[in-house]
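K.L.:
Using the sequences and the hints, build the whole thing.
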Amino acid sequence: MSTRVGQKQAARMVRDQIAREKRRSRTLWTTIIAIAAVVIAGMIGWGIYASQDSGTYVAPAGATADGSGISVGSGTVKIEVYEDFICPACGQFETQTGATLDQLVEDGKVTIVYHPVAYLDRASTTDYSTRASAASGAAAEGGKFREYAKALFAKQPAEGSAGLSDNELIEIGRSIGLGDAFAQAVRDGKYKSWTSHVTDEASEAGVTGTPTVKVNGKDVQPTTQAILAAVG
Amino acid sequence: MNVTALSSPVSTPSVSKWQMVRPWLGTLARLGLAAVWLVAGGTKVGDLAASGRAVNAYDVMPYDIAKVVGAALPFVEIALGLLLLAGVATRVAAGISTALLVVFIAGIASAWARGLQIDCGCFGSGGQLAAGQSPTYGPEIARDLGFLVLAGFLLIYPLTRWSVDSWMERE
Chain A
1 MSTRVGQKQA ARMVRDQIAR EKRRSRTLWT TIIAIAAVVI AGMIGWGIYA SQDSGTYVAP
61 AGATADGSGI SVGSGTVKIE VYEDFICPAC GQFETQTGAT LDQLVEDGKV TIVYHPVAYL
121 DRASTTDYST RASAASGAAA EGGKFREYAK ALFAKQPAEG SAGLSDNELI EIGRSIGLGD
181 AFAQAVRDGK YKSWTSHVTD EASEAGVTGT PTVKVNGKDV QPTTQAILAA VG
Chain B
1 MNVTALSSPV STPSVSKWQM VRPWLGTLAR LGLAAVWLVA GGTKVGDLAA SGRAVNAYDV
61 MPYDIAKVVG AALPFVEIAL GLLLLAGVAT RVAAGISTAL LVVFIAGIAS AWARGLQIDC
121 GCFGSGGQLA AGQSPTYGPE IARDLGFLVL AGFLLIYPLT RWSVDSWMER E
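Chains A and B, in that order, are what the protein sequence lines are.
All the letters of the first sequence, read from the start, carry residue numbers 1 to 232 under full-length UniProt numbering.
All the letters of the second sequence, read from the start, carry residue numbers 1 to 171 under full-length UniProt numbering.
Calculated directly from the structure, the hints in this document are not laboratory data.
Careful: at least some of the hints might be erroneous.
[Said to hold, decoys possible] Covered stretches of chain A, going by a simulated chain B footprint (3 or more residues, C-beta under 8 Å):
1. 24-31
2. 42-53
3. 117-131
4. 194-203
[Claimed, not checked] Each pair of labels, with its calculated beta carbon distance range:
5. A:E21 to B:R114: 32 to 40 Å
6. B:A109 to A:N167: 44 to 52 Å
7. B:T136 to A:G160: 13 to 21 Å
8. B:L145 to A:Q7: 34 to 42 Å
9. A:R20 to B:Y137: 45 to 53 Å
10. B:A106 to A:E168: 40 to 48 Å
11. A:A65 to B:A109: 37 to 45 Å
12. B:V164 to A:G217: 24 to 32 Å
13. A:R187 to B:A106: 30 to 38 Å
Virtual Cβ for every residue (Gly too), placed ideally from N, Cα, C.
P.N.:
The structure is reproduced here in structure tokens:
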């Protein structure tokens, strides 16, 4: 009788052994598959980003040599202004300090490089930051970057809205004397790749928010007082 | 993987109640953490360049590496969310979640310690805060610690109800 019981026990032990083995290899495989899924997902993300980033761009007239912004004026002191057309603080900065900056340019004291970055595409439902920046590039090509930028800030749309439509962007351009070439460039999104380049260069330079102002390479509070003090 | 063996062999009523409730608590933790990852990834996936800038704002790695991390991260988060939602390899997903959350908490703490004025970029946005806005590092860390508790629970007790894992276990 003991042999019978013994055989049964042995059979059960073998069955348990096989079940354990099966479970172990199943756990191993799901682990491998799960880790592979996470790694592949990350690689897909990088692949998509790399394919979006073509790297080629057409810089408009008036752009700096590295294409990172539009240069205005010819003074010795160099001011850099990083703005996003939908950023409310940038709108306030333009209202409070824009005239002072224009005066400094007129007096021949400073050269200002404006970097119309598109950091806040998520703040509108239509990528307004990119469209507005690209339109400002088209305005620069037409020789009216500053006039156009001021007109855009004067009609700044609220964050979370759809922003101004392409037609409205064209209309604002016409109101300051920009013609058909400008309208066509806005419709074609001709300077959108330049906008990505401007945005990327700004990040590369360590600019993480807007408005950012630098005077001769040093960060300065975006206020009239601070800028005047730094310019000297 | 036989988690029941961990509990006390003495079968008091409270232990058996815990054993009954635990897999369901695990399901709540799993689905909760899945939702966190899916929302976190979903809000970032539409603008990968912005995600890279949010990583860059922490100023802990060169911009070129921040771009890679920023582009990969939303997809990794979504993959983790899907694994947890289905309950596939829950322990592995919980382990990676724990590691990621520890890195996030360290990043926020370091930004806090260095006095950076940034948004954590945990659920979209990110980057420098506008003038007049103050950072909310404390609540951001507290929130991540809460998520860490969920991940830790699943790391210890990965077998939960309504999961592929437990379905395969029964097969």
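K.L.:
Taking the hints in turn, state whether each one holds.
P.N.:
Evaluated hints:
1. 24-31: With 4 residues close enough to chain B, the hint holds.
2. 42-53: holds (count 10)
3. 117-131: Holds: 3 residues of the segment 117-131 of chain A have a Cβ under 8 Å from chain B.
4. 194-203: holds (count 4)
5. A:E21 to B:R114: 32 to 40 Å: 52 Å, violated
6. B:A109 to A:N167: 44 to 52 Å: With a Cβ separation near 48 Å, B:A109 and A:N167 satisfy 44 to 52 Å, so the hint holds.
7. B:T136 to A:G160: 13 to 21 Å: 20 Å, holds
8. B:L145 to A:Q7: 34 to 42 Å: Because 56 Å falls outside the window, the suggested range is violated.
9. A:R20 to B:Y137: 45 to 53 Å: Since the Cβ atoms of A:R20 and B:Y137 sit about 48 Å apart, the hinted range of 45 to 53 Å holds.
10. B:A106 to A:E168: 40 to 48 Å: The hint (40 to 48 Å, Cβ to Cβ) holds, given that B:A106 and A:E168 are roughly 45 Å apart.
11. A:A65 to B:A109: 37 to 45 Å: 41 Å, holds
12. B:V164 to A:G217: 24 to 32 Å: The hint (24 to 32 Å, Cβ to Cβ) is violated, given that B:V164 and A:G217 are roughly 56 Å apart.
13. A:R187 to B:A106: 30 to 38 Å: 47 Å, violated
In this structure, the hints that do not hold are numbers 5, 8, 12, 13, in rising order.
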